[in-house]
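Just add 72 to the spot in the sequence shown (first one is 1) and you have my numbering.
In short, the hints are calculated from the structure, not lab data.
Mixed in with the good hints, there may be bad ones.
In silico DSS-like links for lysine-lysine, alpha-carbon gap of 27 angstroms or less [what the hints assert, rightly or not]:
#1 K350 - K176
#2 K393 - K406
#3 K297 - K337
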Amino acid sequence: MKRNTRSGKDQGKASGKKNSSQPVLRGPGTAKNSTPSAKSKAVREQNRSLSNPDHVISVKLEQLLLNIFLDTFADILSSNSLKTTLQEVKSALFDRDFTRAFGKDEYLEAYSIRWSPSRALCYTSILVQLQGHLEPLFQAHSQETAADVASGNNELPSRESLQRTLDVVCIGGGAAEMVACGGLLWSLWHGSSTPALPTTSAKDENSITESLTDLQISDGLSTLKNANFSATLIDVAQWGAIVQRLQEGLITPPPLSKYASTAAKEANSALIHPEQLKTRFYAKDVLDFKEAELRDLIGQRPTFLTLLFTLNELYTASIGKTTKLLLDITSYMKPGSLLLVVDSPGSYSETTVGVESKKVPDEVAHGSYITGYVEPRKQPNVGQGCV
73 MKRNTRSGKD QGKASGKKNS SQPVLRGPGT AKNSTPSAKS KAVREQNRSL
123 SNPDHVISVK LEQLLLNIFL DTFADILSSN SLKTTLQEVK SALFDRDFTR
173 AFGKDEYLEA YSIRWSPSRA LCYTSILVQL QGHLEPLFQA HSQETAADVA
223 SGNNELPSRE SLQRTLDVVC IGGGAAEMVA CGGLLWSLWH GSSTPALPTT
273 SAKDENSITE SLTDLQISDG LSTLKNANFS ATLIDVAQWG AIVQRLQEGL
323 ITPPPLSKYA STAAKEANSA LIHPEQLKTR FYAKDVLDFK EAELRDLIGQ
373 RPTFLTLLFT LNELYTASIG KTTKLLLDIT SYMKPGSLLL VVDSPGSYSE
423 TTVGVESKKV PDEVAHGSYI TGYVEPRKQP NVGQGCV
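Produce the entire structure from the sequences given, and follow the hints as far as they go.
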């Protein structure tokens, strides 16, 4: 892989040509052709990044998420064998030997340090942009709870249920998905304001029902601040221990220096509260799931299911099984569910379909699997007026 470098204008001496679009400095001590200092360039770059509408999540959140990895794997980062381990993982990934790349605990740790942080930021940015699509799922869950209480088929809901717990299923989920869920929850809690949550101390069912009604979607995305996630991650690799370590990092205040001030210690807090994110991990090949297992994984309520940079790996294992998996997921998911697929074309930018082995772009093939629409077969031209 070639390393990209900046062009010459960012290296070496500045050109003497004047640029009318640049501000002209005036005042005592200002040289006629003075060049901006490195510090001023850094400030301008940061301001440009902050004002860029494509910069979805804040720099503060990005740093908080990166700190989760830094603090969780501090011992691995200082290891003398890390560089060698990274080269071994990189070689396996280049050969598309995913079994070898993720077959050892030290390989998973190295991958989590080298590649998962950038993916976590990417996934968080995507999830933050999907807030408007996630909102109906929370609304559906709240309506279910309200209906159960009103009909007398359920006990008084817990505070957690009032806080809109959403079922999230991450196929191929690991370190990046774990941290991205925490990043989205932090963004929801800090990005909007919402009324205080009702408590469950009241015994009157009418009062509970009214409280649930108050939690209905009524003010844009503000009610998503009350979101909790129940996340299920599944992957053939043994990510369980790493997922657990990262979850602890999300709900535990970061370590401080022993010289930290009293104010810093008082302000130190975890990224999210423990009750905001419940996680379970299954180490199993999703392509080998039986029908009952897949139905149980998806659940009986509207679900948010993700396939983040996983389809290429599944296609590498079996194109037929992967196609069936997409069809089954579409069939089993409840109305109102959301399926998020993010991937790069890779070696499978086209899929072969039909007896004629027609090459179809992946986005078209996946769309037909998910929506159930199949392009009508062209009829032979047998003559005008014939159908």
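Going through the hints against the structure:
1. K350 - K176: The hint holds at about 26 angstroms.
2. K393 - K406: holds, 22 angstroms
3. K297 - K337: Holds, at about 26 angstroms.
Violation of the numbered hints given earlier is absent; every hint is satisfied by the structure.
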